[in-house]
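Enquirer: Assemble chain B onto chain A, guided by the hints.
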Amino acid sequence: MKKNTLILVIAILGISFMTYMMLSIGERKQEQAILNTAPIIKAEGIETRSDKWADAYPHQYDTWKQTAESNEIEDMVKKYPQLAILWAGYGFSKDYNAPRGHANALISNRSTLRTGAPTGPNDGPMPMACWACKSPDVPRLMQEHGELEYFTGKWARAGDEIVNPIGCGDCHSSQDAQLTITRPYLKRGLDAIGMTEDKITYQDMRSLACAQCHSEYYFKKTPYTDKDGKDQIAAVVTFPWAKGLAAEDMEEYYNEIEFKDWTNKMSKAPMLKAQHPGYEIFTTGVHFKRGLACADCHMPYTQKGAIKFSSHKIQKPLNDIANTCLTCHKQSEKEFKDIVQEKLDRKDQLNVIAMDNLAAAHLTAKKAWEVGATDAEMAPVLATIRSAQWLWDYSIASHGSFFHAPGETLRLLGVAGSKAQEARITLAGILANYGVINYQIPDISTKELAQQVAGVPFEKLVKAKLDFKKGLMQEWITDAKEDGRLTSTFVEDLPVKSAYPQN
Amino acid sequence: MKLETALRYGAMLAVAVAIGMGAYLTKESKATSYLSSDAKACINCHVMESYYATWEHSSHRERAVCVDCHLPVDNYIDKYASKSLDGWNHSKAFTLNTYGRRMLISDDGARRVQENCIRCHASRSKTLIKNVDRYHAFDSENLGDRKCWECHREVPHGKVRSINGTPNNLGVKWDR
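Those protein sequence lines, which keep their order, are chains A and B. If you count the first sequence from 1, position 124 lands on 124 in my numbering, and the numbers rise without skipping. If you count the second sequence from 1, position 114 lands on 114 in my numbering, and the numbers rise without skipping.
The following block holds chain A by itself, in its conformation from the complex (with noise of 0.2 Å):
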């Protein structure tokens, strides 16, 4: 009787200091999920218009807009007229610029030469795929309308839709502001890789946000038919990395599946571009194996006034060392300025000389063909001029490649100058089969001679395209504006640079 009573007693008194603590802690997590609770800055879909996020996230907003400051040109046709030869025969000779502020995206690309000057929405060069990687309201349209069909089309067909440049919603959920993927094709690249969804950690998540738009990608023809029965085909970004992230590992995709993204107008070599593998080649360096994030670099926790929170303001951190690679190592400014010029010295020296070779390989091709060399002597040589650029492409297209990943830059560079000189000697044997010895490849010292080699009507492409930003593009951002997928009066009146006068 006494032992059940005291067990009794013990138990209740048990139970009532457990009933308190379990109302503390519900409580507790009742404060935790309001403190955790975001502003819901839409309540399904995509809130696309940045201006629409800045009340609930001022101080992130307002660095977002400093992205617009760095919009000056820097023409890389001008600087490497080599570029045009590389090229030719694709978009890329004619209209080629060092990348600018993310605010700037949609100018960018509406203003290059490469998207053309279309007249109507099934008109012009290029297809949706383009602008891809440049604006939230194409993740908003996928929602809206579905994959394939988004990517169905002439790029002219959505350019009243797709008018706020890379903002909030790009990386971020409009429901609860947590760093999500807006891109379906980068999901399906990271399957492919075994990088499923539940192994993605918030720190891959600071390379990922960026890794949707900063990665090597092509269009992959896919049919299907659409909602009214018709028979379409979708040009659909894909990530080549089934194979690997690694140069070569793509290489062996794009062979396998026989993919060209164009063929050279001087060599007749079937080509393929890489266009910015930023995330792949970061992976190989040094900074990415010691745990290091994009956003460690390009968007360093900075404070105003008593608050913490990420710069916004993406940019070359060189900007911002102090904030930037100071938190971590402790030289001075100026060391960390000279370690990395001297790294991008190291890259121009071997970038040069493989441009150098290519062009050269490229323009010797051309007399090959015009002096009577068959397609069994030149297949072996195009196959090789084919990889050489690929490497170099790869290597260099993501811009700071040098830094993140110097030694594999460099690797990739030497390779691919090797490669383009073992064509050369060929081609210097084959020409020599017919009689040629000692051929000089004409002038391209610079953008004007270069242009004209590879066939570039520059002054036409650039009369078009004054008509065109005068005419249809005016149109698009009106109606824009009046439907209201575009409010910002910050947006609208970025300024418009190019590489070509504007009147």
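Treat the hints with care, as some may be off.
What the hints assert, rightly or not - Derived DSBU-like pairs: lysine-lysine, alpha-carbon spacing no greater than 35 Å straight-line:
no., chain 1, residue 1, chain 2, residue 2
1, A, K199, B, K2
2, A, K29, B, K40
3, B, K92, B, K2
4, A, K154, A, K470
5, A, K220, A, K260
6, B, K27, A, K42
7, A, K304, B, K173
8, A, K289, B, K173
9, A, K289, A, K187
10, A, K220, A, K367
11, B, K40, A, K304
12, B, K159, A, K52
13, B, K147, A, K330
14, A, K268, A, K79
15, B, K27, B, K173
16, B, K2, A, K2
17, B, K92, A, K2
18, B, K147, A, K199
19, A, K330, B, K159
20, A, K199, B, K40
No lab work stands behind these hints, which were simulated from the structure alone. Here the structure is a predicted model, which means the values were calculated and not measured.
Expert: Just chain B now, with coordinates in the frame of chain A:
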């Protein structure tokens, strides 16, 4: 006799309820997570979120989790004694809501952190000892009772770390 039976069944029932509640409480309070060294265990309590956020953006993220600095590592007795003491103090403060907006490390907490800075850095910093030996002669008296972070102010929580200092931080909410 009847009372006795009732008492016996009553006691059995009460014990069963208590065990059930105990298990539920363990789950709700994520008590078992404190057995691991995962930094996420500390943000079971939201008042730790600012410290998590600042640590997550610091150079030590890849090198030292919370308990590598805040708990004795080499000495198991000290480790579990400290763990219990902290656990008791923090849970009490958290449950009874007696903590201030601006937290400060306790003297005993500071002692442990200091020992851990030295544990990791004494062997790593031979060249450093040579260069700045006045500050870093870890085993000499020269260091006096200065704490490492009197100079290294930013390690690892930065200068802004108040409970309100890092709103919107996404990392603390991330669970997959």
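Enquirer: Need the status of pair B/K159, A/K52: alpha-carbon distance at most 35 Å?
Expert: Holds, at about 31 Å.
Enquirer: Given the hinted pair A/K199 and B/K40, is their alpha-carbon gap at most 35 Å?
Expert: 17 Å, holds
Enquirer: Next pair to validate is A/K289 with A/K187; report whether the Cα-Cα distance is within 35 Å.
Expert: Holds, at roughly 22 Å.
Enquirer: Under the criterion that the straight-line Cα-Cα distance not exceed 35 Å, is the pair A/K154, A/K470 satisfied?
Expert: 20 Å, holds
Enquirer: Quickly compare the C-alpha distance for A/K268 and A/K79 to 35 Å and report which way the hint goes.
Expert: 25 Å, holds
Enquirer: With a cut-off of 35 Å on the C-alpha distance, tell me whether B/K40 and A/K304 pass.
Expert: OK: B/K40 and A/K304 at ~26 Å, within 35 Å.
Enquirer: Verify the proposed pairing of A/K220 with A/K367, using a straight-line Cα cut of 35 Å.
Expert: 33 Å, holds
Enquirer: Verify the proposed pairing of A/K289 with B/K173, using a straight-line Cα cut of 35 Å.
Expert: 25 Å, holds
Enquirer: Verify the proposed pairing of B/K92 with A/K2, using a straight-line Cα cut of 35 Å.
Expert: Satisfied, since the Cα-Cα distance of roughly 33 Å is no more than 35 Å.
Enquirer: Next pair to validate is A/K199 with B/K2; report whether the Cα-Cα distance is within 35 Å.
Expert: 60 Å, violated
Enquirer: Would the hint linking B/K27 and A/K42 be met if the CA-CA limit is 35 Å?
Expert: 34 Å, holds
Enquirer: Does B/K173 sit within 35 Å of B/K27, going by the straight-line distance between their CA atoms?
Expert: Distance ~19 Å between B/K27 and B/K173 Cα, so the pair holds.
Against the hints set out earlier in the document, violations occur for numbers 1, 3, 18.
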